[in-house]
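Peer 1: Given next are the chains, with one letter for each unit.
Number of protein chains: 2
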Amino acid sequence: MYPKSIQKLIEIFSRFPTVGPRTAGRFVFYLLKLSDGEMNELIAALQGLKKEIKQCSFCFNSFEAADDEQKTGLCAICRDNTRDQALLCIVEKESDLETLEKTKQYRGRYFILGGVNDILKKEGIQNIKAQELKDRMAGAIQEIILALNPTTEGEATVLYLERLLAPYGKKITRLGRGLPVGGELEYADEETLRSALEGRR
Amino acid sequence: MYPKSIQKLIEIFSRFPTVGPRTAGRFVFYLLKLSDGEMNELIAALQGLKKEIKQCSFCFNSFEAADDEQKTGLCAICRDNTRDQALLCIVEKESDLETLEKTKQYRGRYFILGGVNDILKKEGIQNIKAQELKDRMAGAIQEIILALNPTTEGEATVLYLERLLAPYGKKITRLGRGLPVGGELEYADEETLRSALEGRR
Chain A
1 MYPKSIQKLI EIFSRFPTVG PRTAGRFVFY LLKLSDGEMN ELIAALQGLK KEIKQCSFCF
61 NSFEAADDEQ KTGLCAICRD NTRDQALLCI VEKESDLETL EKTKQYRGRY FILGGVNDIL
121 KKEGIQNIKA QELKDRMAGA IQEIILALNP TTEGEATVLY LERLLAPYGK KITRLGRGLP
181 VGGELEYADE ETLRSALEGR R
Chain B
1 MYPKSIQKLI EIFSRFPTVG PRTAGRFVFY LLKLSDGEMN ELIAALQGLK KEIKQCSFCF
61 NSFEAADDEQ KTGLCAICRD NTRDQALLCI VEKESDLETL EKTKQYRGRY FILGGVNDIL
121 KKEGIQNIKA QELKDRMAGA IQEIILALNP TTEGEATVLY LERLLAPYGK KITRLGRGLP
181 VGGELEYADE ETLRSALEGR R
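Chains as they are written, first to last, in the numbering used here: chain A, 1 to 201; chain B, 1 to 201.
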């Protein structure tokens, strides 16, 4: 049996996404080999995380609390008046927002759903910020872009959101489907090819 | 771009074994969702790790510092006088020691090498506690069991250790090779089958 403090940390790391007990063990032995300076760096970064990071009250994106000089509670994207207030792009998670921002192609605002409709789990819909999303509908929004993953869960979430938002009469669109740029026709699956044919221009 | 404190933590987690930047990002967003209590639990466990864990001065195994009432600097295994002092089992890492201990078949002592001879990397041999191992040879040890992984690196380490320890004239053995219990002949590779034939009894 490992010493108690090692077991405790293995247990905590095992709750991290994608981490099982074996990987958690490797993390702990890696940490045991760190210098005091490196360990303190990790602890300080963890302590700073919650203190320095705020969640945007509009889109739920994370942002540096220090940047919010005017105490608006809004992230840099939502504070930016030059962005198109008529567009709202709905993503599952923060990293999807980051990926879209990197393209520099979208100039509207976002809404982070916090989850997808996992049809295999009962609690699936509860993870979605449905009420918060409905609250956003009162504003200047004209078009809602559902930028969810082209997976079963993503599709189920699209259907769920379309029904949820129907009463507000906004235009609802989805990201285009087709062949990924740089991909080869040979390796594309049937569903992607069907979408590529339908979306031809 | 993610806020600075998120980027910093992604950078630190990316140094963990098996973790890339994408997984590190998932860790950080998982942590952002934790309650204050859960975050403090993680920080306390990390702070406790180095304080509460000592490394055995003989075998380099980790042990609870509080267990060392007599301040021997030795882990519970090395402190146990009923264990056979004539046997020394050399393992690569702490989890290998744990795996062997669970079998309850071995009653000697251990030595954690801290690495293997990675023939593809120049620094391979430097990670191995070679001098410390040689220092252990002065004692009552009669047989050295090389319990390294049956991999290229493990084999290279066995050859390296056999040469390193030859001058001390101890008996050097390795773990038996053959079919894993519960495995099927059909799925065994050629090398395993050859070992199984050679080791038949």
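Because the hints were derived from the structure by calculation, they are not lab data. Just so we're clear, the structure is a prediction, and the values are computed from it rather than from any experiment. Ideal Cβ positions, reconstructed from N, Cα and C, are used throughout, including at glycine. Wrong hints could be hidden among the right ones.
To be verified - So, partial list: chain B residues that the calculated Cβ filter (under 7 Å) puts toward chain A: (1) 5; (2) 16; (3) 21; (4) 44; (5) 52; (6) 60; (7) 74; (8) 96; (9) 125; (10) 127; (11) 160; (12) 162.
Peer 1: Decide, hint by hint, whether the structure agrees.
Peer 2: Status of the hints after comparison with the structure:
1. 5: Hint holds; residue 5 of chain B Cβ to chain A Cβ min 4 Å, cut 7 Å.
2. 16: This interface hint holds because 6 Å falls under the 7 Å limit.
3. 21: Because about 11 Å separates residue 21 of chain B from the closest Cβ in chain A, which is outside the 7 Å limit, the hint is violated.
4. 44: violated, 9 Å
5. 52: Interface hint status for residue 52 of chain B: holds (4 Å vs cutoff 7 Å).
6. 60: Not OK, violated: residue 60 of chain B not within 7 Å of chain A, min 11 Å.
7. 74: Violated - the Cβ of residue 74 of chain B stays beyond 7 Å from chain A, reaching only about 14 Å at its closest.
8. 96: With a minimum Cβ separation of about 11 Å from chain A (threshold 7 Å), the hint on residue 96 of chain B is violated.
9. 125: With a closest approach of 18 Å, the residue 125 of chain B hint is violated.
10. 127: violated, 10 Å
11. 160: Check failed: Cβ of residue 160 of chain B comes no nearer than 21 Å to chain A, outside 7 Å.
12. 162: violated, 26 Å
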